[in-house]
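Peer 1: The residues making up each chain are set out below.
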Amino acid sequence: DAGVIQSPRHEVTEMGQEVTLRCKPISGHDYLFWYRQTMMRGLELLIYFNNNVPIDDSGMPEDRFSAKMPNASFSTLKIQPSEPRDSAVYFCASRPTGGRTEAFFGQGTRLTVV
Amino acid sequence: QQPVQSPQAVILREGEDAVINCSSSKALYSVHWYRQKHGEAPVFLMILLKGGEQKGHDKISASFNEKKQQSSLYLTASQLSYSGTYFCGTESPAGGTSYGKLTFGQGTILTVHP
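If you're matching them up, the sequences are chains A and B in order. For the first sequence, my numbering gives the first residue as 22, with consecutive numbering after it. For the second sequence, my numbering gives the first residue as 1342, with consecutive numbering after it.
Just so you know, these hints were derived from the structure itself, not from any lab.
In silico DSBU-like cross-links for lysine-lysine, where the CA-CA straight-line distance does not exceed 35 Å: (1) 1391/B with 1378/B; (2) 1408/B with 1367/B; (3) 89/A with 1378/B; (4) 1400/B with 1378/B; (5) 99/A with 1378/B; (6) 1367/B with 45/A; (7) 99/A with 1367/B; (8) 1391/B with 89/A; (9) 89/A with 1442/B; (10) 45/A with 1378/B; (11) 1442/B with 45/A; (12) 1367/B with 1409/B; (13) 1442/B with 1391/B; (14) 1400/B with 1367/B; (15) 1442/B with 99/A; (16) 45/A with 99/A; (17) 1408/B with 1378/B; (18) 1367/B with 89/A; (19) 45/A with 1391/B; (20) 45/A with 1400/B; (21) 1400/B with 1442/B.
Based on the provided sequences and hints, a complete structural model is requested.
Peer 2: Take a look at the structure:
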């Protein structure tokens, strides 16, 4: 398996524009996580899914953020409208069900909102 | 609620030891440790489950005290390759609505100099 795949790797957009980040988890993994990394907050959990169902979105900062998982092999994180304070690295991670299972991270998307 | 890590940063000379602590205000099922190199994705080091578990990985080991809801990562005889940001991730006990949720701390930046 190629691991967790995120696209794009880098995104530069203007304030007010819509941004869509994409993630393909590892096949067979039941859990998918979206994290935002900043110096101040470290790895902040935004939302996670189990079997394509959103379980906890309490980390989503505002209504401008939304996430979907239409099937087991694809998820999106959308920001609309984007703001400069959304600039960060966004990671997607997946893990299988089980008590001793690690999470596998994608390479991340570096988002810059100008 | 993110776990709290301490210290925020550590600077070492090669061969010196370091301890990174992770504490949670909630009951824990497991603690995960990851290391992230600059510009890369976090990489899994080890998982510790309930039961006062201790694990080792080369010269990196960890302990988990579930009564105190704390975990510590021990780096012995540090090498240049140990430099990076270390994250602890915590998972709540099974049966709750947040089972499977993996929440990370703000990270500890470790720098090893020759």
